[in-house]
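Novice: Protein sequence lines, in the order shown, are assigned to chains A and B. So the working numbering is basically just the index in the first sequence, starting at one, shifted up by 46. Here the working numbering is used: position 35 in the second sequence is 16, and no number is missing along the way.
These are calculated hints, taken from the structure and not from any lab test. Bear in mind that the values here come from a model prediction, so they are computed numbers and not experimental data. Do not rely on the hints blindly, as some may be mistaken.
As the list claims (entries may be wrong) - Covered stretches of chain B (in silico footprint by chain A; criterion: 3 or more residues with CB under 8 Å from a CB of chain A, positions within the stretch not fixed):
1) -8 to -2
2) 18 to 28
3) 49 to 57
For each residue, glycine too, the CB sits at the ideal point set by N, CA and C.
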Amino acid sequence: MFIYTREAHPGENVPSHDSFEDKLASATLLRDETGIRRDILVDDLDGTVHRAYGLMPNMTWVIAGGGRVAYKANWTSAANVEAFLARFLAARGEHPPGTTPVMYETQQAEFRYPDRKRFAQHLLRNGPRAVAEFEKARQLWAQRAAT
Amino acid sequence: MAETDRDGMAAYNYSRFDDYVAAEGDVADEAAFWTSPRAAQRAPDFTLPRLGDGADVRLSDLWRFKPLVMEFGSFT
Chain A
47 MFIYTREAHP GENVPSHDSF EDKLASATLL RDETGIRRDI LVDDLDGTVH
97 RAYGLMPNMT WVIAGGGRVA YKANWTSAAN VEAFLARFLA ARGEHPPGTT
147 PVMYETQQAE FRYPDRKRFA QHLLRNGPRA VAEFEKARQL WAQRAAT
Chain B
-18 MAETDRDGMA AYNYSRFDDY VAAEGDVADE AAFWTSPRAA QRAPDFTLPR
32 LGDGADVRLS DLWRFKPLVM EFGSFT
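Using the sequences and the hints given, assemble the complete structure.
Specialist: Below is the structure:
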């Protein structure tokens, strides 16, 4: 399931949302252009659900059956989610006789390999302004890293 | 709508990413992620409209009996 949030890099073609109708229109465009087949839920204009789960632009959460957080990642890696789910479900289902599974929590750093070309295409799709603003943001990040 | 609500909404739906980064909005977002519910804690439940048919979907109905994978995102 996919939750449509605010536009992370608004531009001339896909601007920031001023109304829920704007947001619905952008979500529809995203579905039609990228061919997302999962159900898409659209967050409200104020980002209520996005705020409750932590405001990162492309995060993935897995909620275990019953409603407890099983996994949260501040960036999405489909391979990482799939590997986690397989391990999580196996561990829950195949515990030794006479034992009860008990949840514990880990925090791990992972590596990702951004597809710069694809990202650049998406920025340009949103508009030339989105490209220029991301370049300025990169300079700001470099300044931040240097101090 | 109160003025502060409008300001908060404008800040959430920022129009310029570079200004957002200059104001350290991205730093605050990262911090919000780490103070959001932790693993093994109960996930916040909400009802959202589904794109297409507009049906109200309650998250807890989706995770009641099986795991739910939720990806958040936009065009970029």
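Novice: Please verify the coverage claim for the stretch 18 to 28 of chain B: does it have three or more residues whose C-beta sits within 8 Å of some C-beta in chain A?
Specialist: holds (count 10)
Novice: Check, residue by residue, whether the stretch 49 to 57 of chain B contains three or more positions whose beta-carbon lies closer than 8 Å to a beta-carbon of chain A, and give the verdict.
Specialist: Check passed, 9 qualifying residues.
Novice: In terms of beta carbon proximity below 8 Å, does the stretch -8 to -2 of chain B have 3 or more residues touching chain A?
Specialist: holds (count 6)
Going through the hint list in order, the structure satisfies each hint without exception.
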